[in-house]
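All chains should be built: construct the whole structure from the sequences, respecting the hints.
2 protein chains.
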Amino acid sequence: MFSNIFNLSNKNKEFYHSLKDVLGYKPKNLIYYERALTHKSIREVNDYGVVVNNERLEFLGDSVLDTVVADFLFNKFPSEDEGFLTNLRSKIVKRKHLDSLGAKLGLDILIKSKIRGDKIHSHVLGNALEALVGAIYLDRGYKYSKFFIIEILIKKHVNIDELITTEENFKSRLIEYVQREKVDLVFDTQDTTNKKGKFEAKVIINTEEKGKGIGNSKKEAEQNAAKDALKNIDQ
Amino acid sequence: MFSNIFNLSNKNKEFYHSLKDVLGYKPKNLIYYERALTHKSIREVNDYGVVVNNERLEFLGDSVLDTVVADFLFNKFPSEDEGFLTNLRSKIVKRKHLDSLGAKLGLDILIKSKIRGDKIHSHVLGNALEALVGAIYLDRGYKYSKFFIIEILIKKHVNIDELITTEENFKSRLIEYVQREKVDLVFDTQDTTNKKGKFEAKVIINTEEKGKGIGNSKKEAEQNAAKDALKNIDQ
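First to last, the sequence lines map onto chains A and B. Position in the first sequence (from 1) plus 36 gives the number in my numbering. Position in the second sequence (from 1) plus 36 gives the number in my numbering.
In this list, chains with the same sequence are indistinguishable; a pair is considered to hold if it fits within one copy or across any two.
No farther apart than 27 Å at their CA atoms in a straight line, the calculated lysine-lysine pairs in the DSSO-like style are these: (1) Lys112 x Lys179; (2) Lys231 x Lys148; (3) Lys207 x Lys254; (4) Lys207 x Lys248; (5) Lys76 x Lys56; (6) Lys49 x Lys140.
Don't read these hints as lab results, they were simulated from the structure.
The following block contains the structure:
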């Protein structure tokens, strides 16, 4: 299974070298990386009649990425609670952020797809990045996955301090939605005796309750209610 | 940091031996395991004034568990798609199943809590199991976490074949809820032109829409709507 660089075709040599530049180490088994970087627009069927694309690798890579980022944040922030860690990790691994990381790594050049250039739907890159992590894990194990995610991905391309201070503003996103859809929005925010916080907010759209949230300030309760509502409405 | 077994107090020796029986290997640094098995009902503050409990370890263990189970299923089912893998993993790692695994491992004996016996809220065990995986990861790395999860947890205590055939019945769970809460439940299920399926179901509780779902059969659409509704209601 080991791909000896001397036995590779010129096309594969090129792929090998570009890959090595992205990964920061020598890949062993190219087949995993080819699979990871093949978009589902290219339909390939293997010897067992199974359609081959990168979605199984995405499944694997997605959780390897979650674990390594968890490990990194756990050690970097020894006195922060699990709420802080969960929140910061979700900012790092959210689809939109992974898309931009995929672009920074140059995966758009490596990816094999029927869709090209501007037409590459942005999530293709984030998904390919997850699948690439899955390929690294299969090819070289957890240790190399950790090296790639921490040393290459996070340390070179992620601005942790900036992510910490960026508050995702669910309330603004909800307001954009109601303006676009021309519907009525009301926040109904009251004191509460709930143990989780002092205030409870409800999002009411066209007289229908669409979300609710609790928080220690009115602002926090409304943010949480807006976040909940965004999950419940078609956008 | 290494806990030499000869230097331990009798109480700690007992803890060490019980732990070794559960883990299937010799733990090195007992402090991680003690932390993992301390419920938040016991409020401890460390030298930095930070409250110490197992929630940070739960955060870490949760994703290590996800990754190892993903790896295990990826290899066990080489021709199943990511939908199958995701679904099966979620059955393995869901809170209720982890609670029963925690009980099978005997974590109820090891756990340090102010709540005892019958009063132990069942999720305490599932949470402690996740935190224990976090402790293993910190103490002995990914390799031992994988050994523990696959060889001890999955192979001895998880019936994969049974989980595959168990369909989680969200509709029954929703019906149990409305009976308990004495509220009105209506499923409004219609044909749809939505690309994702032929039917669209809405769950209406006390005249308020609480969830919706799409499926290729009425049953599937209603299952999905019930699943969605369960997320949106306080249970």
